[in-house]
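Colleague: Residue numbers (the working numbering), protein chains in the order written: chain A, 5 to 305; chain B, 5 to 305.
Please keep in mind that the hints were generated in silico from the structure rather than gathered at the bench.
Hints may be right or wrong, so weigh each one.
Since copy identity is lost for identical chains, a pair holds within one copy or between any two.
For lysine to aspartate or glutamate, the following EDC-like pairs were computed, each having C-alpha atoms within a straight-line distance of at most 20 angstroms [said to hold, decoys possible]:
| hint | residue 1 | residue 2 |
| --- | --- | --- |
| 1 | 121 | 110 |
| 2 | 104 | 305 |
| 3 | 104 | 296 |
| 4 | 25 | 50 |
| 5 | 26 | 44 |
| 6 | 9 | 305 |
| 7 | 9 | 38 |
| 8 | 25 | 81 |
| 9 | 104 | 38 |
| 10 | 104 | 278 |
| 11 | 26 | 199 |
| 12 | 121 | 78 |
| 13 | 256 | 291 |
| 14 | 229 | 291 |
| 15 | 9 | 67 |
| 16 | 150 | 117 |
| 17 | 37 | 227 |
| 18 | 66 | 117 |
| 19 | 104 | 197 |
What follows is each chain in one-letter form.
Number of protein chains: 2
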Amino acid sequence: MSSMKQIVQCVPNFSEGRDLKKIEKIVEPFRAKDGVKLLDYQNDEDHNRAVVTVVGAPEPLKEAIVAAMGVAIEVIDMRLHQGQHPRMGATDVVPFIPVKNVTPQEAVEISKDVAGKVAGEYNLPVFLYEKSAASPARQNLANIRKGQFEGMAEKISLPQWKPDYGPAEIHPSAGVTAIGARMPLVAYNVNLDTDNFEIADRIAKQVRHLSGGLRYCKGIGIELKDRGIVQVSMNMTDYTKTALYRVFELIKIEARRYGVNVVGSEVIGLVPMEALIDTAAYYLGLEGFSMEQVLEARIYE
Amino acid sequence: MSSMKQIVQCVPNFSEGRDLKKIEKIVEPFRAKDGVKLLDYQNDEDHNRAVVTVVGAPEPLKEAIVAAMGVAIEVIDMRLHQGQHPRMGATDVVPFIPVKNVTPQEAVEISKDVAGKVAGEYNLPVFLYEKSAASPARQNLANIRKGQFEGMAEKISLPQWKPDYGPAEIHPSAGVTAIGARMPLVAYNVNLDTDNFEIADRIAKQVRHLSGGLRYCKGIGIELKDRGIVQVSMNMTDYTKTALYRVFELIKIEARRYGVNVVGSEVIGLVPMEALIDTAAYYLGLEGFSMEQVLEARIYE
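Input sequences plus hints: build the corresponding full structure.
Modeller: If you want it as structure tokens, here you go:
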């Protein structure tokens, strides 16, 4: 219960989704570290990938992720890696997310510290992405990762793909890693009372940024075959700027065009408290409300 | 960041609202104690009363409140006390409120432990109230406090007002104290676009428990003269059973009868995260949502 404790979240993706013993070794540095808390880790065998969710104070979190990346380099050989998910390194991508008393800019600094450290210690090439990117072309992870591990040896020898840290040649077994700061991502889906996929697909295109919609919304239409309905499945990439209630109300408005109704919505995985409290404040028309009035925010500040 | 930490809130009311040095002495045990956090304390000169908000783990919180009550007995003399707010003791009332990983029943046990302790150490008569009350007649603090300090010497000599702990005679300078467990209270007001007090008064009567409304809602109509509007001013005494959105929507429905509209609402003071997240879940029609998905709930569990 100390004052103004800083908390950062980190969601590293490792290219190992089948050998549970190796995954345990990789997450061990997060378990062992004071000031760091391992919230979750999940492996996907088809993707051959593990996604770890960890929070902590900046300094111990930085030390723990550097150590975990060291273990990943020891136990993963990308030359033997096969899986459905695009990937380019043993530690594929390391996003840092501000949670409490941390500015986005501080999260960028944390990502750069870690990039410098792992480049030096492990001779690993690192690209900075998202908010940490040195240029617009490097903001999008998909751009960086295009060509994947197999194409990366050639790609990073090109002047325009010189890594931000480390050598301009891949680590022979561990490839390259992208590290950066981003805002919390909320996986948010809205369900429609129709089985017509076309309608979900069109509404997704209407509300997402890519095709004319809200700035921090990515989305696609999907079918929920077991329920006989369709869904607009979204990633909200900055809920502080594109609020959940805004996309929910917008989908209700678009649905009218097709004579269908919104029947509910769902949040997948973790969601920051503020994303939902802001939604409550909108619907109740709360006047003069501050997050400082939330009991839990006061208890843990 | 340990696992399953228990947190209880305590909001003791002390009968001193004018002498800031005395108030500082009273709150000192909350500052000094590991595992306890003093969130807020406010004095009211007209009421001649101080309200303290403190949270902590059960054991250190119990020790700190016993110590603070000891200081209150030293520095407050009820024979000299005057103020607008009804009161019966140097420490007038001590509610314990479950916040995290604490059941209402555990909060009752905590209140009884403290009642036994202060009765023994300070020879102070204590009434258990709210969820800790031994009989329905003692649930309501107003019932217990009727007669106030001046009438209490005679009242507690009556068999039906024998205290739950301590002697059946008042502490000469510190009077008597009520201690109990209750649910978090949310002060919630809804604003109407009229200056007609009568409408706020009638809607308050329609939505509050006392006169036919929702079980855990107390309310009155008030005028906001500077804004030229009226307000339904409420205390929601158990948001887990009477949700904020329910009373908000009900007031909108009642307002139609008078041709007026709800223009907004406000939360006064602290509100538990869950009260607002439950509201967001209602308006978004969230399916399968669990509080375990709230990042902050996971970080601090």
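Colleague: Each hint: holds or not?
Modeller: Okay, the hints, checked on the actual structure:
In this assembly of identical chains, the alpha carbons of residue 121 and residue 110 lie at most 20 angstroms apart only when taken from the same copy (17 angstroms versus 49 angstroms across copies). With identical chains, the CA atoms of residue 104 and residue 305 are at most 20 angstroms apart both within one copy (8 angstroms) and between copies (16 angstroms). For the identical chains of this complex, residue 104 and residue 296 are neighbours both inside a copy (12 angstroms) and across copies (18 angstroms), given an alpha-carbon limit of 20 angstroms. With identical chains, the CA atoms of residue 25 and residue 50 are at most 20 angstroms apart within one copy only, with a shortest distance of 17 angstroms there and 67 angstroms across copies.
Within a single copy, residue 26 and residue 44 get their C-alpha atoms as close as 16 angstroms, which meets the 20 angstroms cut-off; across copies the closest is 48 angstroms, which misses it. In this homomeric assembly, residue 9 and residue 305 come within 20 angstroms of each other (Cα to Cα) both inside a single copy, at 6 angstroms, and across copies, at 16 angstroms. For the homomeric pair residue 9 and residue 38, the shortest alpha-carbon distances inside one copy (14 angstroms) and between copies (17 angstroms) are both at most 20 angstroms. When the C-alpha separation of residue 25 and residue 81 is checked against a cutoff of 20 angstroms, the pair qualifies only within one copy, where the shortest distance is 15 angstroms, while the shortest distance between copies is 68 angstroms.
When the C-alpha separation of residue 104 and residue 38 is checked against a cutoff of 20 angstroms, the pair qualifies only within one copy, where the shortest distance is 18 angstroms, while the shortest distance between copies is 23 angstroms. For a Cα distance limit of 20 angstroms, the shortest separation of residue 104 from residue 278 qualifies both inside one copy, at 11 angstroms, and across copies, at 19 angstroms. When the C-alpha separation of residue 26 and residue 199 is checked against a cutoff of 20 angstroms, the pair qualifies neither within a copy, at 42 angstroms, nor between copies, at 69 angstroms. Taking identical chains as interchangeable, the C-alpha atoms of residue 121 and residue 78 lie at most 20 angstroms apart only when both belong to the same chain, with a minimum of 17 angstroms there against 59 angstroms between chains.
Taking CA atoms no more than 20 angstroms apart as the test, residue 256 paired with residue 291 passes between copies only; the shortest distance there is 16 angstroms, against 25 angstroms inside one copy. When the C-alpha separation of residue 229 and residue 291 is checked against a cutoff of 20 angstroms, the pair qualifies only between copies, where the shortest distance is 17 angstroms, while the shortest distance within a copy is 42 angstroms. In this assembly of identical chains, the alpha carbons of residue 9 and residue 67 lie at most 20 angstroms apart only when taken from the same copy (17 angstroms versus 26 angstroms across copies). In this homomeric assembly, residue 150 and residue 117 never come within 20 angstroms of each other (Cα to Cα): the closest approach is 25 angstroms inside a single copy and 65 angstroms across copies.
Taking the closest pair of Cα atoms, residue 37 and residue 227 never come within 20 angstroms of each other, the shortest separation being 42 angstroms inside a single copy and 56 angstroms across copies. With identical chains, the CA atoms of residue 66 and residue 117 are at most 20 angstroms apart within one copy only, with a shortest distance of 8 angstroms there and 44 angstroms across copies. Neither within a single protomer nor between protomers do residue 104 and residue 197 lie at most 20 angstroms apart by alpha-carbon distance, with minima of 38 angstroms and 38 angstroms respectively.
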